[in-house]
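Respectively, the protein sequence lines represent chains A and B.
With the working numbering, letter number 7 in the first sequence gets 7, and the count goes up by one each step, no holes.
With the working numbering, letter number 96 in the second sequence gets 96, and the count goes up by one each step, no holes.
Simulated from the structure, these hints should not be mistaken for lab results.
Wrong hints could be hidden among the right ones.
Claimed, not checked - Here are a few chain A residues that sit away from chain B, every Cβ distance over 12 Å (derived from the structure):
no.	residue
1	Asp26
2	Met101
3	Val155
4	Leu174
5	Thr267
6	Gly278
7	Glu311
8	Thr334
9	Ala362
What the hints assert, rightly or not - Between beta-carbon pairs, the in silico distance windows are:
no.	chain 1	residue 1	chain 2	residue 2	range
10	A	Asp113	B	Glu160	43 to 51 Å
11	B	Phe139	A	Gln99	39 to 47 Å
12	B	Ala124	A	Glu316	45 to 53 Å
13	B	Leu297	A	Asp134	32 to 40 Å
No residue lacks a Cβ here, since even glycine has one placed at the ideal position from N, Cα and C.
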Amino acid sequence: MARLELDDVRKVFTDDDGSDIVAVDDVSVDIADGEFLVLVGPSGCGKSTTLRMIAGLESVSGGDIRLGGRSIVNKKPQNRDIAMVFQSYALYPHMTTRQNMSFGLEESTDLSDEEIAERVENAADLLSIPELLDRKPGELSGGQQQRVALGRAIVREPEVFLMDEPLSNLDAKLRSQMRTELQRIQEDLDTTTVYVTHDQTEAMTMGDRIAVLDGGELQQAGTPLECYHRPANRFVAGFIGEPSMNFFDMDVEGDRLVGDRFEYALTDEQATAVANAGTVTLGIRPEDIAVTVGSEATADNEFPTVVDVVEPMGNENAVYLGFEADPTNPFVATVGGMRQLDADERVVARFPADAIHLFDGATGEALHNRALDEGAEVEPRV
Amino acid sequence: MSDAPTTDGEQSGALAGVREDLAGLDGYRVALYAAVLGLTAFYLTPIESGLVTAFKTNPEGVSSTLPFAPPPGEFFTLEKWETAVQALGRGMVNSALYAVPATVISALLGSFAAYGLTQADWRARYKAPILAMFVAAIFIPYQAVLVPLSQFWGSVPLAEVLTPLWVAGVPRAYTGVIELIVTHVAYGIPICMVLFRGYYTTVSEEMIEAARLDGATFARVYRRIVFPISTPMFAVVLIYQFTQIWNDLLFALILVSTESSPAAPVVLILAGLGESQEGQDFALRMAGAFVAALPTLIVYVLFGDEFAEGVAS
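Chain A on its own, in the form it takes in the complex (with noise of 0.2 Å):
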């Protein structure tokens, strides 16, 4: 087990006719020793790119990465001492589980066979795959090749995990099932992890931390809670979090914001915050905002409005609001799942001052976050 260090890790591709594409842009990241960072980005960011110079498939452009304090950059993938579980599986078709879990122990130590079936037989009882050893990968099911790839990087018994979206070609009940048991291996196993994903849903619920990344930058590391209650900016904002944090566009007028379609009042605080950016982007999380039935605004940053479209979940309903004077590009607010709204009802929108975050207009960075109670757990877990 070991800590894993990137440091200021940079990938350019050179493309044929001789223009530079920088896919990994200094990305640097400490991930601490039996921790489980996910890599987070939409498709493009580089996340894969990262775990793929991680695993030495990928040359490292600049920068370095070290392993347990030593550099491993020069270093062929085989000597490594790292397993990486791929989205495919690429488990070899000619041979049974059984051979396939073995085949990394054959190939990378010098275990005894009598040894090696004992650790491919007790990793096989922590996936309950037993009955599956004698199968080929043809006679599997996508879910037990899932398992049998998982089992053959957790016989390795490496230093660290690689994950390469290992979830995203199962149905969505099976995932979340593997979600949950992924989880419970990795801190049995307490092995250094790095899970790369496009889903914010299995960032939030996996990770001790995220790492979100866009065109190559690494935007924010830290838990999920802190990239959900404090983004470093819009993108990480607007990234995290399901259905996405609402963005409005507003200049900034001492200590009012006014937009195209309404005004907000700033606390001090705020006011304070934002004196120096000309426009800024007000954010607010669709559950922060609360909505009344009505047609009036009694107070400071309510809003007239009208129910577009209900999207009702069970639990919760996503409400698209649109504003009564101008109703293009509405918003989402969610409400209770018992509630009752219709479309083209009148309601008022309150967007509470302690709940909304303000991003520089220009460079999208988050000048305020909004405000959290007392012993709200942002901190690491680990």
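With chain A held as given, fit chain B onto it using these hints.
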């Protein structure tokens, strides 16, 4: 044909089925089946004629019966087959001596080359010209290389190198067999490489990467992953190469040249079989052709299942 009408004695259920089948027959279907039958007959007639001719006496049986009619009792004989086997026996052994090693070596080397050109970690810009050379080599006509080939083997002191063999009692003419092995391997590698390459480009890259992360070296990945999963492709290449090399007359003619040589391959002997001053012994020539073709048929039967799988992939 399953669509043929059945007789009145059949059960009523079957009759109804037949009526249904016949109702589905339109002009297009009839024409299609007629064309298929015609083509089948067109391709099978020469083989059938050859086969029945091989069992006829010569010249009486051959000249007094229709070419594709089976031999009547008085003209039936197995003598031609015995003569053919006797005449071709040593040639079959000689052919096998170079066809089997040349086939296996060219398939293996072609597979190595394809593995290196698909899975090895080097830039596409360096791979492309090498691949282009392999592809170009496929299209070099054998006729164009005959003179350089004989000059090349004339300048190589192969016979001297192989002296221990001659001391051990092997006739010196077998130099030609060694030359045939090397020549067929050299000219077989490009097509084998291209066939394997087509297969290896479809192999999951992640699987190869998984094996490398599992600690296997590049050579071990070939040995334990790539080689075992290429069995269907090996069947295709082995059948194709074996048939090519076994049937090739041109190189044999240049490198061994005479049918009287102790190292003469079967194709050289077959060329002169049944030819004499008195005329051609068609029955013997036909029997000889079937005997000479037998090994290629056996190879097809042995690797048939894998062959089908390999062609499909």
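Verification of the supplied hints:
Non-interface status of aspartate 26 (chain A) relative to chain B is upheld: no Cβ of that chain comes within 12 Å, the nearest being about 25 Å off. Against the 12 Å criterion, methionine 101 (chain A) falls within the reach of chain B, whose nearest CB is about 10 Å from its own CB. With a minimum CB-CB distance of about 10 Å to chain B, valine 155 (chain A) fails to clear the 12 Å threshold, and the non-interface call is violated. The non-interface label for leucine 174 (chain A) is consistent with chain B: the shortest C-beta to C-beta separation is roughly 21 Å, beyond 12 Å.
With a least CB separation of 53 Å from chain B, threonine 267 (chain A) remains clear of the 12 Å interface cut-off, as annotated. Listed as a non-interface residue, glycine 278 (chain A) keeps its Cβ farther than 12 Å from every Cβ of chain B; the least gap is roughly 48 Å. Against chain B, the non-interface label of glutamate 311 (chain A) holds: every CB pair exceeds 12 Å, the least being about 37 Å. Look at threonine 334 (chain A): its CB is around 39 Å from the nearest CB on chain B, clear of 12 Å, so calling it non-interface holds up.
Against chain B, the non-interface label of alanine 362 (chain A) holds: every CB pair exceeds 12 Å, the least being about 41 Å. Evaluation of the 43 to 51 Å hint for aspartate 113 (chain A) and glutamate 160 (chain B) yields a pass: the beta carbon distance comes to about 50 Å. The hint said 39 to 47 Å for the Cβ distance between phenylalanine 139 (chain B) and glutamine 99 (chain A), and at roughly 42 Å that hint holds. Taking the beta carbon of each, alanine 124 (chain B) and glutamate 316 (chain A) are about 51 Å apart, inside 45 to 53 Å as hinted.
Between leucine 297 (chain B) and aspartate 134 (chain A), the C-beta spacing of about 37 Å keeps the proposed range 32 to 40 Å intact.
The structure shown violates the earlier hints numbered 2 and 3.
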